[in-house]
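2 protein chains.
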Amino acid sequence: MTVFFNKVAIIGVGLIGGSLAKVMKAQMLAGEIIGAGRRRESLEQALQLGVIDRSAVNPASAVDWADLVVLATPVGTFETLVREIAPHLKKGAIVTDVGSVKGSLVKAIEALLPAGVSFVPGHPIAGRERHGVTEATEVLFQGARCILTPTKRTDRRAMDVVQSLWTAAGATVVEMDPDMHDHVFAAVSHLPHVAAYAMMCSVAELGAGSEQYLNFSGAGFRDFTRIVASSPEMWRDICLKNAKNVVDMIDRYQSSLSCIKKAIHRGDAKKLELLFRQASDVRRGMQ
Amino acid sequence: MTVFFNKVAIIGVGLIGGSLAKVMKAQMLAGEIIGAGRRRESLEQALQLGVIDRSAVNPASAVDWADLVVLATPVGTFETLVREIAPHLKKGAIVTDVGSVKGSLVKAIEALLPAGVSFVPGHPIAGRERHGVTEATEVLFQGARCILTPTKRTDRRAMDVVQSLWTAAGATVVEMDPDMHDHVFAAVSHLPHVAAYAMMCSVAELGAGSEQYLNFSGAGFRDFTRIVASSPEMWRDICLKNAKNVVDMIDRYQSSLSCIKKAIHRGDAKKLELLFRQASDVRRGMQ
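Top to bottom, those sequences are chains B and U. Each residue of the first sequence is one higher than the one before, counting from 54 in my numbering. Each residue of the second sequence is one higher than the one before, counting from 54 in my numbering.
These aren't lab readings, by the way, just hints derived from the structure by calculation. Possibly wrong hints are sitting among the right ones.
Same chains, same names: a pair is fine if it fits in one copy or spans any two.
Here are the simulated BS3-like cross-link-like pairs (lysine-lysine), alpha carbons at most 30 Å apart as the crow flies [said to hold, decoys possible]:
no., residue 1, residue 2
1, Lys205, Lys297
2, Lys297, Lys315
3, Lys297, Lys323
4, Lys315, Lys160
5, Lys160, Lys323
6, Lys144, Lys205
7, Lys160, Lys324
8, Lys143, Lys205
9, Lys143, Lys160
10, Lys143, Lys78
11, Lys160, Lys297
12, Lys160, Lys144
13, Lys205, Lys160
Please model the complete structure; the sequences and the hints are all you need to start from.
In structure tokens, the structure reads:
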């Protein structure tokens with residue numbers, strides 16, 4: 054199925070929103086792409102780079118007559134944003150998002166949208182440590198997965214349209230329950246980010262001389278903390294919107310750390326090797 | 054300064070020991086290289102690959118008449134090993150190691166070695182997630198740093214010899230106090246490994262279905278846990294030999310995690326963003 058939208062509104066023209074716009078430009082899937090967002094500078098850049106055709110002064114005017122609206126701002130802004138645009142959405146419009154949190158956020162958005170507007174919740178797994186529209190590229194989603202988390206209220210036709218868009222972007226679309234999504238991503242994405250932020254904090258707190266420590270960091274530390282360069286604002290929102298799952302995973306993580314710490318403290322070589330070996334085996338099975 | 058050793062004994066012919074042997078072969082820095090180690094299979098492989106010239110049945114016979122002895126087994130074996138080889142070391146022999154822990158381990162080794170034998174403690178920063186002699190390569194140390202941690206008992210001439218060997222391997226040699234070394238590496242290397250092992254444990258403990266979770270892991274999780282594939286035995290020993298510093302860093306890390314967890318739990322967006330932003334700024338400063 055090939056899709057074409059007369060008018061697309063992208064709210065939040067950063068790495069993800071900008072890359073999706075570029076895909077639609079490159080494949081001529083949109084008649085016109087309007088960008089909106091809080092940072093005027095980003096919009097100016099997006100215009101100069103040809104990522105969008107026009108910028109709107111506010112989200113409400115951007116969505117006017119739009120067939121497709123993409124929410125690509127930090128997830129913490131979604132509810133306010135949807136309240137703002139809801140009265141201006143045309144009948145038959147499809148709203149989708151690229152947020153890393155689904156679950157109750159999806160239900161909240163559904164409740165705010167008027168009848169006749171379809172919402173298709175999405176989450177492309179294509180983050181990067183760099184962010185901003187200058188990093189946007191039409192190949193960002195190639196080979197990536199995009200998760201769609203329909204609910205019983207989701208319109209199937211709209212689902213198909215959004216699925217076709219992501220397929221055109223080169224992504225493999227996977228369907229998942231919204232709550233399951235938040236469980237899974239708390240474990241494999243949100244926790245690693247929190248863990249990496251915490252690690253940078255711990256080393257920075259060593260105080261004067263910690264720069265010298267960092268000079269000696271090997272590939273492990275660098276790999277481990279690369280994701281810390283991601284947008285702090287975006288990750289703040291993700292953690293707060295998926296708070297219950299993230300807190301639960303931090304608790305589990307702290308238990309695992311305590312378990313290892315105890316084995317080290319007691320000099321329990323057998324236990325320590327067992328813990329490390331199990332972890333190592335699971336990791337090797339991943340590839 | 055160019056170095057040449059008539060006979061070199063490498064105890065532990067894995068990734069690091071094997072790579073150093075390959076450097077000496079490639080640059081003809083050794084008349085003969087004898088390998089010793091616990092795994093007969095590894096020694097057979099090392100022989101077949103031409104990494105060593107001969108294998109010895111035990112470390113004591115390997116060091117007989119050796120000018121240079123390299124300890125490249127897990128650090129937990131060093132003291133037993135040095136006790137075993139000490140009576141067989143020739144006068145004037147240089148003993149060096151490639152262990153990731155220095156501090157009190159260096160003092161223990163110094164105390165076990167006979168007069169007339171020089172010990173130069175070393176630590177090349179060149180780990181990899183793959184291990185074993187089949188991964189050994191003469192380019193492993195190129196562009197890497199090798200830390201030497203002399204004490205007041207270290208012979209300067211022997212220091213120069215070992216320094217020349219690492220320089221020939223393409224490494225940049227840095228001198229550091231042994232205790233300082235263990236502080237620094239607990240922070241930038243040992244803690245990240247513990248953190249990654251703990252993370253794999255937490256996800257694996259989610260139980261049945263955790264494989265499915267891992268299917269959705271993005272680049273962050275993969276980067277974060279890559280080091281978990283390192284040798285469990287090696288990391289067990291490192292943690293136990295640097296226990297005080299590692300436990301202290303785990304404590305600091307858990308405090309940072311608790312601090313983030315509290316902010317998420319309370320919905321304190323300001324605090325959370327501040328924590329993430331500080332971490333992000335430090336990371337960006339690193340490159």
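Of all the hints given earlier, name the ones this structure violates by number, lowest first.
-> Of the numbered hints, all hold.
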